[in-house]
Amino acid sequence: MADTYDISTLLPTKTLQRIMQHFGSPSFTPNSYNTSANNPVYIHLMTGRVPTLSEFYYGAYLDRIGDTHKTRPLSFTERHLGYLVITPQRAASSGASAYHQGTDILISGARWPEGATFTPSNTSYDPVRLEPNPLGDATWMLDWSFSANKQATPTDGNRDQLRTYRDNGELVGNGAPTWFYIADYAYLPVFHEQSIRDHTNAEVALLHTLQNGSENRRPMIMGTVGPLGSGADLELASGGDELSETVSPVSLRILLQDAAPVA
Amino acid sequence: MSIMIQPDILAICESKSGDVQKQFDVTNPANVQSRALDDKPALLVVTDATDNILLSIVGHTAWHSHDVKLQGHDVALTYRNTSGTAETAFTALTLKPRIPALSFTPTANFAEKIRQSGTAAKAYLIVDHMELYSRLAVDDATNPWPVAYWDGSVALDVASLPETLPYLQLSVGDLSTDASVRLTRLDLNMAEHSVQMADPVIYLYFPNILRDWSTAKDELTALLMDVTHVGTDQADIEAKELVAFPPEEPAV
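Protein chains in written order, with the working numbering: chain A, 1 to 263; chain B, 1 to 252.
Keep in mind that the hints are not guaranteed to be accurate.
Stated by the list, open to error - Simulated restraints, written as ranges between beta carbons of each label pair:
1) B/233 / A/187: 18 to 26 Å
2) B/184 / A/145: 54 to 62 Å
3) A/214 / B/200: 22 to 30 Å
4) B/246 / A/173: 52 to 60 Å
5) A/160 / B/250: 48 to 56 Å
6) A/187 / B/175: 39 to 47 Å
7) A/137 / B/142: 33 to 41 Å
8) B/245 / A/145: 29 to 37 Å
9) A/211 / B/245: 32 to 40 Å
10) A/168 / B/239: 46 to 54 Å
11) A/250 / B/85: 48 to 56 Å
12) B/178 / A/250: 44 to 52 Å
Said to hold, decoys possible - Partial pick of chain A residues on the chain B-facing surface, computed with a CB cut under 7 Å:
13) 9
14) 28
15) 32
16) 39
17) 58
18) 60
19) 113
20) 118
21) 198
22) 199
23) 200
24) 205
25) 220
26) 222
27) 226
28) 254
Hint data in this document are derived by calculation from the structure and do not stem from the laboratory. No residue lacks a Cβ here, since even glycine has one placed at the ideal position from N, Cα and C.
Take the sequences, apply the hints, and build the full model.
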């Protein structure tokens, strides 16, 4: 329908903030892993040219010769440096890529409506309420403070091959993480991969477009990555300026103060 | 650049089967507030120009994150997939963004009771955030909607609706229009007419939620068309290739 509405009466800023802060601000912290009591999210680290707003919006990611590699386009998988797990599970740290609430990371919990109490879906893992950071307010969509002690090794990723490319001088940059995305899932999105070729049948670009299905693998949030002081959306105390086996993020806070409904 | 967030995160966060809502016991009535707009009882009230209630239709809402039918946002392209001039050396592709949509599904799809005679001019979708009222009938025996919202004895005063009943004003039209609410007729006479909603489900799209995305289509088109072997069609690509890679002049 070609209609425009004033949605401020249906979705006032307060409601938008309340809906969105459930992503990345879990309500509960269970004592061990359970797929329903838990609500982990995943930070995927990527290298190469940072996608434009429009690529992200359309879920269509282009890599041309010269974007990441000097002589060939790289696939989305080939540009992936691995992922980190942000889990509200309160347990002794385990897993080189996992950030556990209270041990490796302080996660601000969801802000519940005044007077509301919610019951968790699965009580056998002793989920207790994860309180929101008292310093924050409703504009905080998510707020994560990573432990300075942890050097995380991202799971999966194409670091070995990228390192070889780098050592051979084939990369445009140095293979350091340049952007990240956050998804609900560890696996990469399911893409159609279109190979764009020239008149001599040489591959000049790869265009990845999202397939329907596997919704929870899709990038929901994206931003830039860089070393401390770079002004990137996600700053890394180490591993931010080179292709490193380990990284240590500092903090990530996403504010929704400008998320006014304009539809 | 700053952080970018997919607008359909609203649907992802509110889906009862999604990872976010899975942490809550969504079958427990005490947890109704974990979702703001998804799967809520809702009332569609059709009024005349001065908010006199002509019709009221009960149903429920749901979020959708894909299968976008909204026109005007598609990016179409053709690219070369192999050498040569054959038609099969080129592939056409259409890209669509994930624009979140909220649907309203009437519980019954039959002729609606006309509450008052008049000309339909506006509609209001009222969503029952706390799930207090019926999704079966306005006058349901156990949890009826307040009569002031549907029976036509008083004009609808949306400004007085409580915060727990968020609402959206929609356009109304007949079958020849693309209004949000399409009725089989607009001039309604209690004695003579029957009227029905033309669409079994109403989809309300929020194309610019979270930010103004209106430049994204042109931006993506420009990025793709910048590649020599991408164009609007085969002829466009071949013309671009001729400029980028001119055939060698024969030796004189």
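Going down the list of hints, with the structure as the test:
no. : hint                      : result
1   : B/233 / A/187: 18 to 26 Å : violated, 36 Å
2   : B/184 / A/145: 54 to 62 Å : holds, 58 Å
3   : A/214 / B/200: 22 to 30 Å : holds, 28 Å
4   : B/246 / A/173: 52 to 60 Å : violated, 33 Å
5   : A/160 / B/250: 48 to 56 Å : holds, 50 Å
6   : A/187 / B/175: 39 to 47 Å : holds, 45 Å
7   : A/137 / B/142: 33 to 41 Å : holds, 39 Å
8   : B/245 / A/145: 29 to 37 Å : violated, 54 Å
9   : A/211 / B/245: 32 to 40 Å : holds, 33 Å
10  : A/168 / B/239: 46 to 54 Å : violated, 37 Å
11  : A/250 / B/85: 48 to 56 Å  : holds, 55 Å
12  : B/178 / A/250: 44 to 52 Å : holds, 50 Å
13  : 9                         : holds, 5 Å
14  : 28                        : holds, 6 Å
15  : 32                        : violated, 15 Å
16  : 39                        : holds, 5 Å
17  : 58                        : holds, 5 Å
18  : 60                        : holds, 5 Å
19  : 113                       : holds, 5 Å
20  : 118                       : holds, 5 Å
21  : 198                       : holds, 5 Å
22  : 199                       : holds, 5 Å
23  : 200                       : holds, 6 Å
24  : 205                       : holds, 5 Å
25  : 220                       : holds, 5 Å
26  : 222                       : holds, 5 Å
27  : 226                       : violated, 11 Å
28  : 254                       : holds, 5 Å
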